[in-house]
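Chemist: Residue-level listing of the chains:
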Amino acid sequence: MNTKRILFYLVLGLTAFVMLLPFIWTLYASFVKQDLNVDTFSFDLAQYGIDNFVYIITQSHIADWYKNSVFVTGVITICNLLFNSMAGYALARVRLPGKNIMFFFTLGIMMVPVQILLIPIFVMMAKMGWINTYFALIVPFMVNPFGVFLMRQFFVGFPSELEEAAKMDGLSRIAIFFRIALPLAKPALIAQAIFIFVWNWNSFPFPSILATEPDMFTLPVGIYQITNTAYTSSITKSMAGVVLMTIPTLIFFMVFQKHFMKSSINTGVKG
Amino acid sequence: MQNVSTQTRATNVKGKRKISRTRLKEIGTGVFFMAPFLLIAGIFIFYPILYSLQISFQNFSYLNPSAAEWVGLENYKKLLQDTTFLTAIWNTVKLLIIVLPIQTIISLVLANILNSKIKGKSFFRIVFYLPYITSPIAVGAVMVYLFNQDGLVTRFFTLFGLENVAWYTDGDYAFYLIVLIIIWTQIGFYTVIYLSGLQSIPEDLYEAARIDGASRLQQFLHITVPLLKPTTFLVLFMGGLATLQIFEQPYVVSTTGGALPGSPGDSTLTMVMYLYTQAFKYFEMGYASAAAFIIFVMIFSLTVLQYLFFERKNKG
Numbered sequence: 000m001n002t003k004r005i006l007f008y009l010v011l012g013l014t015a016f017v018m019l020l021p022f023i024w025t026l027y028a029s030f031v032k033q034d035l036n037v038d039t040f041s042f043d044l045a046q047y048g049i050d051n052f053v054y055i056i057t058q059s060h061i062a063d064w065y066k067n068s069v070f071v072t073g074v075i076t077i078c079n080l081l082f083n084s085m086a087g088y089a090l091a092r093v094r095l096p097g098k099n100i101m102f103f104f105t106l107g108i109m110m111v112p113v114q115i116l117l118i119p120i121f122v123m124m125a126k127m128g129w130i131n132t133y134f135a136l137i138v139p140f141m142v143n144p145f146g147v148f149l150m151r152q153f154f155v156g157f158p159s160e161l162e163e164a165a166k167m168d169g170l171s172r173i174a175i176f177f178r179i180a181l182p183l184a185k186p187a188l189i190a191q192a193i194f195i196f197v198w199n200w201n202s203f204p205f206p207s208i209l210a211t212e213p214d215m216f217t218l219p220v221g222i223y224q225i226t227n228t229a230y231t232s233s234i235t236k237s238m239a240g241v242v243l244m245t246i247p248t249l250i251f252f253m254v255f256q257k258h259f260m261k262s263s264i265n266t267g268v269k270g
Numbered sequence: 000m001q002n003v004s005t006q007t008r009a010t011n012v013k014g015k016r017k018i019s020r021t022r023l024k025e026i027g028t029g030v031f032f033m034a035p036f037l038l039i040a041g042i043f044i045f046y047p048i049l050y051s052l053q054i055s056f057q058n059f060s061y062l063n064p065s066a067a068e069w070v071g072l073e074n075y076k077k078l079l080q081d082t083t084f085l086t087a088i089w090n091t092v093k094l095l096i097i098v099l100p101i102q103t104i105i106s107l108v109l110a111n112i113l114n115s116k117i118k119g120k121s122f123f124r125i126v127f128y129l130p131y132i133t134s135p136i137a138v139g140a141v142m143v144y145l146f147n148q149d150g151l152v153t154r155f156f157t158l159f160g161l162e163n164v165a166w167y168t169d170g171d172y173a174f175y176l177i178v179l180i181i182i183w184t185q186i187g188f189y190t191v192i193y194l195s196g197l198q199s200i201p202e203d204l205y206e207a208a209r210i211d212g213a214s215r216l217q218q219f220l221h222i223t224v225p226l227l228k229p230t231t232f233l234v235l236f237m238g239g240l241a242t243l244q245i246f247e248q249p250y251v252v253s254t255t256g257g258a259l260p261g262s263p264g265d266s267t268l269t270m271v272m273y274l275y276t277q278a279f280k281y282f283e284m285g286y287a288s289a290a291a292f293i294i295f296v297m298i299f300s301l302t303v304l305q306y307l308f309f310e311r312k313n314k315g
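Those protein sequences? They're chains A and B, same order as listed. If you count the first sequence from 1, position 58 lands on 57 in numbering that gives the first Met the number 0, and the numbers rise without skipping. If you count the second sequence from 1, position 187 lands on 186 in numbering that gives the first Met the number 0, and the numbers rise without skipping.
Just so you know, the hints here were simulated from the structure itself, not pulled from any lab data. As the structure is a prediction and not an experimental result, all values here were calculated from the model. Don't take every hint at face value.
Straight-line C-alpha distance at most 30 Å; calculated DSBU-like pairs for lysine-lysine [to be verified]:
#, chain 1, residue 1, chain 2, residue 2
1, A, 257, B, 228
2, A, 3, A, 257
3, B, 116, A, 257
4, A, 98, A, 185
5, A, 261, B, 120
6, B, 118, A, 3
7, A, 257, B, 118
8, A, 66, B, 280
9, B, 24, A, 185
10, B, 116, A, 3
Some chain B residues flagged as far from chain A (calculated, every beta-carbon gap over 10 Å) [claimed, not checked]:
#, residue
11, 20
12, 56
13, 75
14, 145
15, 156
16, 203
17, 204
18, 205
19, 216
20, 222
21, 224
22, 225
23, 256
24, 265
25, 274
26, 288
Beta carbons are placed, not taken as given, at the ideal position from N, Cα and C, and that holds for glycine.
Isolated chain A (complex conformation):
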C-alpha cells in the first residue's frame, strides 16, 4: 500500500514536471542574454538580464499586438455574452414559431469545422475592404453557436416563478431578461466567457489572414512572426516574446481555474 502511494506520487510528480518543463525553460531562456548559452545552466548572474524583453518591447510592435488582442478579444467576448445569451434565452423561454428549426440550425453549425470558413470569410472581407481593420477581426466572431447552446441549456432549467412574479410587477419580457434572467445566469456566463476568451485570445488562422500589417496583428500572429525570422532569429528574444504573450492567459486561467475545470466537464457533456 505504501509503495503504491509512492509510485502514484512519482507518476504524478513526473507528469507535472514534464508539463511544466517547457514553461520553466521558456522563462529561463527569456532571461539568458546570449543565444549560445541557452542550453547550458550557469551560476554566473552576469549571463542573465532583461535585455530580451527590452528588445522585444522596443523593436517589435508588441505594444500594438497587446492592444489589438485585448481590444479584439474583449469586444468579441462581450458581444458573445450578450448575443448568445439573448438567443439562448429565446430558444429556451420564448414561444416562437420555428424555434426547433433554429435550434437545429444552431446545433448544425456547431459541427462545421472552422477551416471551411477561412476562404469565404477572407474573400468576403477583401470585397468589403475590411482586411486590416478591427471589423474583420471582430464582426465574424461576435456570436458562437456553442455559446447559444450553453445558454439555452441553462435557461431551460431556470425557475419560471421568478419570471411570473416579474410579469405581475409589470416588467416587459426584455426587462425581465436584462434585469432578472441575465444577472442570475452568472455561472453560465462565466463558463461561456472562459471559452470565448481563450479560443479567441489564442486564435491564429483567422487573424493571420485578416490582418497583414504588423500594427494590426494580434499576439499569436505577432509571436509567430517573431519566432519565424521576421524580426529576429534569436531564441532568447523569441522566448521573451512567448513569455509576454502567455502571461495574460496564465493569469486568466489562475483566476478562473475552478470554472475552467467545471466548464470543460460541461463541454464533455455536450457530445
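Starting from the structure of chain A, add chain B where the hints point.
Modeler: Chain B only, in chain A's frame:
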C-alpha cells in the same frame, strides 16, 4: 347547455383576440432576442459554407473573383490524384492512430491516480491543464527549441540512443515531434474529463466487489472501465476531432527558419495545413475549398459514427 357554450364561445373570441396580441408581442420579443445571432451566424457561418461549396466547383482567384470559372468536379478529381494531398490525409490519419490510444490511456491512468486518496490533487490538476490553454503557436515555438540540436530534451533523449539532431529538420523525427506536442497539449483536458467520469461511479459498487474478494485490478477492469465507456468514447471523439483539425503546431514546427509548411519533405503536412497553404500561399482558392469539403465530410462521418454509437448504446 346551449347557453353556456355560447357564453364560453363569446369569451373565447374575446380572449383569443387578447391572446393573439400578447402572442404577437411574444413573437416580436423572440425575434428581437434571436436577431443578432441569426444575422451574424447567417452572414458569417451559414452563407460562407454555401459560398465555399460554390467556390469548390470553380477555378477561383480571389484577386479576380468575377473571372471565376465553373469547372464542376475538376478540383475534387485533381485532389484525389494529388499525392501531396493524399500524403496530408495519410499523415493526419497516422496522427489519429498513434495519438488517440496513447493520450486516452495516459489520461485514464492519471485520472485514476488523481481519484485515489492523494494530496495536492488540485495542484496536479491545474498543472496538467496548463498546456491545454496555452497558445498553440507559443507551444510550437517553444517545442522547436527544446527539441533543437543540443536542445534540453534532445540531449536527454540521446541517453536512450536517439540522435542529437534538430527534430524539426529531420524527416524521421519531425512527425513524432508533432505527436509528442499534441499529446502534451491534450492529456490534461482529457484527464479532467475522465476524473469527472470517475467521480460519477457510485462507491458502493467497489465496496460490493471488495466484499466478493475482487482485487484492485479486477475492480478496475470489471467496474471502472465498463462504466467509463461513455467517457472513453467522448475522449476518443473529441481527441479525434482535434487531431483531424490539427493545424497550428505542425505549421509552426515545419515553418521554423522559413521552411515550407509540412517540411521536411511533407512529413508534417496535415489536411488543414494543406488547405491553408493552397489557399493563402498559392491562392488556389477553388482547389483549397474542395479540400475543405473533403475534410468536412471526414469530420462529419466521425460525428455520425459517434451518433450511431450512442444510439445503439441507448437502445441496448
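Chemist: Does the claim that residue 75 of chain B lies outside the interface with chain A hold up, using a Cβ gap greater than 10 Å?
Modeler: 15 Å, holds
Chemist: Taking 30 Å as the top limit, are the C-alpha atoms of residue 3 of chain A and residue 257 of chain A close enough?
Modeler: Given that 30 Å is the threshold and the Cα spacing comes to 29 Å, the pair holds.
Chemist: Since residue 204 of chain B was said not to touch the interface, does its Cβ keep a gap of more than 10 Å from each Cβ of chain A?
Modeler: Holds, since 21 Å exceeds 10 Å.
Chemist: Should the label of residue 225 of chain B as a non-interface residue stand, given a Cβ cut-off of 10 Å to chain A?
Modeler: 18 Å, holds
Chemist: Grab the minimum beta-carbon distance between residue 222 of chain B and chain A and tell me whether it stays above 10 Å.
Modeler: 18 Å, holds
Chemist: Check whether the Cα positions of residue 24 of chain B and residue 185 of chain A lie no farther apart than 30 Å.
Modeler: 27 Å, holds
Chemist: Beyond 10 Å from chain A, beta-carbon-wise, is residue 145 of chain B?
Modeler: 6 Å, violated
Chemist: Would you check whether the claim that residue 203 of chain B is not at the interface survives, using Cβ distances to chain A and the 10 Å cut-off?
Modeler: 22 Å, holds
Chemist: Is it correct that the beta-carbon of residue 288 of chain B has no partner in chain A closer than or equal to 10 Å?
Modeler: Violated, since 5 Å does not exceed 10 Å.
Chemist: Just double-check residue 256 of chain B for me: nearest Cβ-Cβ distance to chain A has to come out over 10 Å.
Modeler: 7 Å, violated
Chemist: Does residue 156 of chain B really sit off the interface, with its C-beta more than 10 Å from all C-beta atoms of chain A?
Modeler: 13 Å, holds
Chemist: Holds or violated: residue 98 of chain A with residue 185 of chain A, Cα cutoff 30 Å?
Modeler: 25 Å, holds
Of the numbered hints listed earlier, those contradicted by the structure are 14, 23, 25 and 26.
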